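J.: Below are the chains, spelled out letter by letter.
Protein chains: 2
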Amino acid sequence: MAERFIASYLIGETDYETAKQRALNITVEQTVEIPRDIVPAGYVEDEILGRLEGLEARDGGHVAAISYSMDDAGGDFLQFLNVLFGNSSILQQTRLIGLKPSPALAEITPGPRFGRAGLLELAGAADGPLLMSAIKPVGLSTADLARLAGDFALGGMDFVKDDHGLADQKTAPFSERLSACVAAIEEANGKTGFRTRFIPNITAHRGGTIERAYEAKEEGAGGVMLAPALAGYDVARQLAADPDFGLPIISHPAFSGANVVGAGCGFSHAFYYGTLQRLMGVDAAVYPNFGGRFSFSRAECLSIVDACLEEFAGLKPILPAPGGGMTFERVPEMQDAYGKDVIYLIGGALIRERETLVAACRRLCETVRAG
Amino acid sequence: MAERFIASYLIGETDYETAKQRALNITVEQTVEIPRDIVPAGYVEDEILGRLEGLEARDGGHVAAISYSMDDAGGDFLQFLNVLFGNSSILQQTRLIGLKPSPALAEITPGPRFGRAGLLELAGAADGPLLMSAIKPVGLSTADLARLAGDFALGGMDFVKDDHGLADQKTAPFSERLSACVAAIEEANGKTGFRTRFIPNITAHRGGTIERAYEAKEEGAGGVMLAPALAGYDVARQLAADPDFGLPIISHPAFSGANVVGAGCGFSHAFYYGTLQRLMGVDAAVYPNFGGRFSFSRAECLSIVDACLEEFAGLKPILPAPGGGMTFERVPEMQDAYGKDVIYLIGGALIRERETLVAACRRLCETVRAG
Numbered sequence: 001m002a003e004r005f006i007a008s009y010l011i012g013e014t015d016y017e018t019a020k021q022r023a024l025n026i027t028v029e030q031t032v033e034i035p036r037d038i039v040p041a042g043y044v045e046d047e048i049l050g051r052l053e054g055l056e057a058r059d060g061g062h063v064a065a066i067s068y069s070m071d072d073a074g075g076d077f078l079q080f081l082n083v084l085f086g087n088s089s090i091l092q093q094t095r096l097i098g099l100k101p102s103p104a105l106a107e108i109t110p111g112p113r114f115g116r117a118g119l120l121e122l123a124g125a126a127d128g129p130l131l132m133s134a135i136k137p138v139g140l141s142t143a144d145l146a147r148l149a150g151d152f153a154l155g156g157m158d159f160v161k162d163d164h165g166l167a168d169q170k171t172a173p174f175s176e177r178l179s180a181c182v183a184a185i186e187e188a189n190g191k192t193g194f195r196t197r198f199i200p201n202i203t204a205h206r207g208g209t210i211e212r213a214y215e216a217k218e219e220g221a222g223g224v225m226l227a228p229a230l231a232g233y234d235v236a237r238q239l240a241a242d243p244d245f246g247l248p249i250i251s252h253p254a255f256s257g258a259n260v261v262g263a264g265c266g267f268s269h270a271f272y273y274g275t276l277q278r279l280m281g282v283d284a285a286v287y288p289n290f291g292g293r294f295s296f297s298r299a300e301c302l303s304i305v306d307a308c309l310e311e312f313a314g315l316k317p318i319l320p321a322p323g324g325g326m327t328f329e330r331v332p333e334m335q336d337a338y339g340k341d342v343i344y345l346i347g348g349a350l351i352r353e354r355e356t357l358v359a360a361c362r363r364l365c366e367t368v369r370a371g
Numbered sequence: 001m002a003e004r005f006i007a008s009y010l011i012g013e014t015d016y017e018t019a020k021q022r023a024l025n026i027t028v029e030q031t032v033e034i035p036r037d038i039v040p041a042g043y044v045e046d047e048i049l050g051r052l053e054g055l056e057a058r059d060g061g062h063v064a065a066i067s068y069s070m071d072d073a074g075g076d077f078l079q080f081l082n083v084l085f086g087n088s089s090i091l092q093q094t095r096l097i098g099l100k101p102s103p104a105l106a107e108i109t110p111g112p113r114f115g116r117a118g119l120l121e122l123a124g125a126a127d128g129p130l131l132m133s134a135i136k137p138v139g140l141s142t143a144d145l146a147r148l149a150g151d152f153a154l155g156g157m158d159f160v161k162d163d164h165g166l167a168d169q170k171t172a173p174f175s176e177r178l179s180a181c182v183a184a185i186e187e188a189n190g191k192t193g194f195r196t197r198f199i200p201n202i203t204a205h206r207g208g209t210i211e212r213a214y215e216a217k218e219e220g221a222g223g224v225m226l227a228p229a230l231a232g233y234d235v236a237r238q239l240a241a242d243p244d245f246g247l248p249i250i251s252h253p254a255f256s257g258a259n260v261v262g263a264g265c266g267f268s269h270a271f272y273y274g275t276l277q278r279l280m281g282v283d284a285a286v287y288p289n290f291g292g293r294f295s296f297s298r299a300e301c302l303s304i305v306d307a308c309l310e311e312f313a314g315l316k317p318i319l320p321a322p323g324g325g326m327t328f329e330r331v332p333e334m335q336d337a338y339g340k341d342v343i344y345l346i347g348g349a350l351i352r353e354r355e356t357l358v359a360a361c362r363r364l365c366e367t368v369r370a371g
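Top line first, the protein sequences correspond to chains E and Y.
So for the first sequence, this note's numbering puts the first residue at 1; every next one is plus one.
So for the second sequence, this note's numbering puts the first residue at 1; every next one is plus one.
By construction, these hints were calculated from the structure, which means they are not laboratory data.
Just so it is clear, the structure is predicted and the values come from calculations on it, not from any experiment.
Check the hints yourself; a few may be wrong.
Chain copies aren't distinguished; within one or between two, either way the pair holds.
[Stated by the list, open to error] Listed next, the in silico DMTMM-like pairs over lysine to aspartate or glutamate satisfying Cα-Cα at most 20 Å (straight line):
#1 Lys-316 with Glu-353
#2 Lys-316 with Asp-144
#3 Lys-100 with Glu-311
#4 Lys-170 with Glu-45
#5 Lys-191 with Glu-107
#6 Lys-316 with Glu-121
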């Protein structure tokens, strides 16, 4: 028998027997996908079929613990995700909230290469918080974006990333922007002694995401950012698993939102922006901060932090990177919520200070690091 | 000025002024992602910034029509999707329901290579419905699965696909299964004169989806199936755009469900399983049928059919492929709902008749085609 891993689903049903039937349906739906009474005896029934391991009343419904065999996944990361939540993602009142992997998970994903400790080391920091900003808006020229990148670096930000909307637009094509921003940041680092790293957005069509990752490495980028919900859920893992790549990976939540904001369905915030990111080999996960333009609550954000940092299957802890609507005024509130293990992503509020950007960054960095 | 395309969002807000403010926020969120008052004048404000073109009360809220420049997408399909719904996918009570593309869409995606007409021609049918079944469950040996494929073909099904959970498991590795099923179906076709086509599941990690697509072609498969929500939203488009590939593409909804089943958020059923599929170059879209194991209503399913078949930007109409819980008894109900332009996906109900599968398929095909 192969090792088994256990997924937890919150089933929005208070009646035990009904919840149990729905849980048993999931054991079939996620594996054999034929009626239970015609599942072949032997290997298929004993090994491949999902197994209801527990069912308990919780959170206004029932949490079902269902185990699957590593043979279901057949060594493929996407098939592993498919077993966890392929068809059942279409069920209402059914939410994927947890995973207890088996040791054989290591055959499917190595997890993050850098994680929290690696990112701190690259940033030359004994501890966090770290700071990240984004060059934007789309439509600026390469020269303007590179100047912005240089100023962020002079101001002492740890990471300067592309806005997630910067792709290969004619005003600032990917390769040109990459070289110019790396050069601007290197020049700034030469003056300041800081170690600011440039993180280009590599999400691209025609298989270009992987190509741009290696181009970024060759050109001296300090990491890469991609949107897994657009580019696919195996791209980060593929890069994280490749020792020849060796750059940190930051994920962006673009196109992913509906996976978590629908009531009762989809993924818990913690699973999607925490657990799944670590499975994918992501080193820092961007997600919308509470109190900003999006609807995530403080509790939901802190559940993401826990899922990024908690002991999980021997995979490295990673850094949560809350962003969206962060301002200077909110720094104390953020510090209170997040403590040290966090990357603050601050974009618009700094760009508002464009005329005195370097000084504004310095002020922000000092405030945050004094924390 | 570049051409503009218009996305429609259903904003779940009855107050006009509040809905308007939320719509204006989307124009910013999806493009410049900096506060409106610091958007640079000139090209960025005039071209890149989203533009609210209309706002009308509908469906218990307001529908906002927002135009974006093709310059926002910069020729990249994933960035085009990102502009449509990247960050705004994270908003509650905000649903992407429509797209009016500009002629320049052709630079971003060619759409489906075969579509409805091409699939009918490949199947040698003057009109539909077409029939598709799936070999399963995971855990059967290659020999057993190939026998099943052969029997489906002897029974006259137009397409025999892999179950979406069949990846590269040791009991039936991809390459071995592909060859065996193609051979079994060819042998059956030789006896019957039918033109049954085998559709392997090519979804795979390590960039393997594209590799398996070409392997499928070389081995004589009749098409490929993939799960875009797992493999990424550009894989089908990449294959559809490649004249050297030239096989039909069927999409599977695995891992996609939370994008549509959350109330008020995500995508409309029609957009996700219809419009988006055509943009991706998919020729037939599998989705959960009404009255089966999932919650899609008859009206939601028929909205998908409309989005598959209606005139849309010069892209070929495609075939909807409802599946999940289809039985012999439901054929009249299906015929009433779907008419001729449909692929019926029937799996479990046929496998239940394993001992007399060929006869069961024949009976089903005759009933359905007699329509």
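J.: Please go over all the hints and tell whether each is borne out by the structure.
T.: Each hint tested on the structure:
no., hint, verdict
1, Lys-316 with Glu-353, "neither (36 Å within a copy, 49 Å between copies)"
2, Lys-316 with Asp-144, "neither (37 Å within a copy, 42 Å between copies)"
3, Lys-100 with Glu-311, "within (11 Å within a copy, 47 Å between copies)"
4, Lys-170 with Glu-45, "between (56 Å within a copy, 16 Å between copies)"
5, Lys-191 with Glu-107, "neither (45 Å within a copy, 44 Å between copies)"
6, Lys-316 with Glu-121, "within (14 Å within a copy, 53 Å between copies)"
Taken one by one, the earlier hints fail for this structure at numbers 1, 2 and 5, listed in ascending order.
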